[in-house]
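**Student:** Sequence lines, in order, name chains X and E.
Numbering of the first sequence is given in this note's numbering, commencing with residue 11 and proceeding in unit increments.
Numbering of the second sequence is given in this note's numbering, commencing with residue 112 and proceeding in unit increments.
The reader is advised that the hints may include incorrect statements.
DSS-like mimics (lysine-lysine), calculated; alpha carbons at most 27 Å apart, straight line [to be verified]:
#1 E:K304 x E:K141
#2 E:K491 x X:K131
#3 E:K322 x X:K74
#4 E:K282 x E:K304
Hints listed in this document are in silico derivations from the structure and should not be mistaken for laboratory results.
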Amino acid sequence: MSRERVLVAMSGGVDSSVAAALLVDQGYDVIGATMKLFCYGDEVSDRPCCSLDSIDDARRVCEKLGVPHYVLNMEDAFGRDVLRNFVSEYARGRTPIPCVRCNSFTKFRDLLGKADALDAKWIATGHYARSHGGELYRGLDPAKDQSYFLWGIDRAVVSRMLLPVGALTKAETRARARALGLHVIADKAESQDICFVPGGDHTVVLAKHLAVGDAALSRGPFVLRDGRQVGEHEGFARFTIGQRRGLPGGYAEPMFVTAIRPADRAVVIGPRDELLGSGIIAREMNWLVADAPGVGAQVEVQIRHHASPAAAEIVRVEGDEIELALDEPVSAISPGQSLVLYSGARVLGGGVIEAGRAVGGMRVARAQLPIFAA
Amino acid sequence: MPAPVYLDHSATTPVRAEVFAAMEPFYGPKFGNPSSIHRWGREARAALDEARERLAATLGAHSDEIVFTSGGTESDNLAILGSWRLLRDKNVGKRAVVTTPIEHKAILAASHQAAHEGAEERILSVDGAGLVRRESFDALVREDVAICSIMWVNNEIGTIQPIADFAQRAKSRGVLFHTDAVQAFGHIAVSAKTAPFDMLSLSGHKIGAPKGIGAMYIRRGTFVEPLQFGGSQNRGVRPGTENVAAAVALARAAELAVEELETEMPRLEKMRDYLQRELETRIPDAVVNGLGAPRAPHILNISVPGTDSESMLMALDMSGVACSSGSACQSGTVDPSHVLEAIGVPRELAIAAVRMSLGSLTTDACIERVVQLFPALISKARRLAGVAS
């Protein structure tokens, strides 16, 4: 019997390297692939050709594992589906998560196309999440769970995903890497930055792609909720809801960004209680379960990576738009971030946050809920 | 799976058994440094001198016109930068570097470097088959040119330029002429007696010698500024202790290539033409790139609309067939070829290009296998592309 083939997306980091190694151990016919997604160009002098180091690392791992490795040029698709959206979202005063779109489009659609071309039944990544029975679940290590970034993939693809490190803790993954002799990889620093944002400053990328003088990076007012101007900033795209850094001082209580208004370039600031919201509207809703919950259903929601899940009720579903009422208010609901719905560890689906509401939407009265057969 | 098929001889070739045998003693008892005065040195010196003579003979050259280098890239760099820098320093009004848009990166990047150092870079215009246009040559190759370089056989599409003619025209204007003959040598007749080029580059590993050895022909009376400085080896043009074993290997490989030119090239051409005909029949909308000019017998560059090189190369590789696309970036990604772009191949076809290059390992059975496999992979790729869109 011929072994089942799997295409493993390899970044050169420890997680995807161990994922590939585990799949080799499990007897799969492994092919490693590193996607070249963007070019730093001349700006980052120690990276002459587009994060070449990580490509080299991935190749070395494949050489050690004795499996083929390919470098795939996906710059065009990544630029179109991820980078362009990243820039336009910031220009609209929102805070995008490019990793979500990279997973939805670049990895689990475009890379899957490459897997098809290679007759690979499976596609694997180093994500801390789990897939079984055609459904997606949180990674076992709550500190590392990355299911939040995976809500946007096509449901049919979930049954083709292998996520071998989703059942490990980060410490276990590192230990596996060392046991496999991948010492350099095992001890690599965790990358927290967005891969195409050198040094973690997203405004560098925005400045490169936006026209000179674009409103998003131009001077505008800091205002309070009542409209009073209290200072000036150097561009609303430098701010995100909930941010404290870089705001005018001199207030009795800590101040936060509570809203961004591109129309008049305003960054609205206020005390902590003005950050609270009880309702969320999201769009581009994508369900990862066959039995998608409807209006009235109780779910758990997460509005940012590493946030604790919050109990909520679905109060409206219209096309790909959804509205939820939260049981308890949550802080800093940021348009552009993801709203992911869970039932325990099971990922139900997700969408892109369009707006937060100070007051939750109209709940369906309990008594009116249809009674299902017990 | 049947035995793998290697159809990438333009990338590199296996070291021939005769070549390996010729070089082996120099990794053993004959290890001397050719610059030493003792018997070990003399032995190595004799081998090196003989290698130089034998290589020169294959080129119709004198042995003092041969400089051993590390390969095609070094030879190309030495030709462009060595000529440009020497003439710049002489201050005789020769400040331009002329080349074509379909050169190997070793020429293009060296030419850009010369531009960075103050040269005027002029790029000749080519037609749809990659042939340099005469009128463009006549317009750009003027007396103020330090060096003009035109590739003899293009490595991606196989186009053969009329080098004797261009060399003669350059000569009549007092312009130094260089040709990158890395793909030409061993595939077509190359002789310093019949074509009046001033310099020529060749590479060992394209003709059955190891990687890391190449040569540069520099006609008597032509001078270049060295790229590196040291001892007087290679008359100071290319200092550094000579790689005797590899030089011997290169000379032997060159001799074999020239000896077999009359038999091996018709053999390859017949197989290439059959492969092309079969693929064109089985894939009616396939486009062969670079047609319309004399073409080297070992290269077939083919594009099928609706597919992409990257996926095709991987699928071929998974089926045991080794091909390549145009240029591979350092990271290993497949980028649209600058050569296909320059000859006006539409982007949709340029990103789909697959280069098959035949050579010593190629047999009828290899070709038959590709005739069967390639169309099947194409259909599959198109089916998947159809599903995706």
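**Student:** Taking the hints in turn, state whether each one holds.
**Tutor:** Against the structure, the hints come out as follows:
1. E:K304 x E:K141: violated (34 Å)
2. E:K491 x X:K131: Holds - the C-alpha atoms of X:K131 and E:K491 are around 15 Å apart, at most 27 Å.
3. E:K322 x X:K74: holds (24 Å)
4. E:K282 x E:K304: The hint holds at about 14 Å.
Checked against the numbered hints given earlier, the structure breaks only hint 1 and satisfies all the rest.
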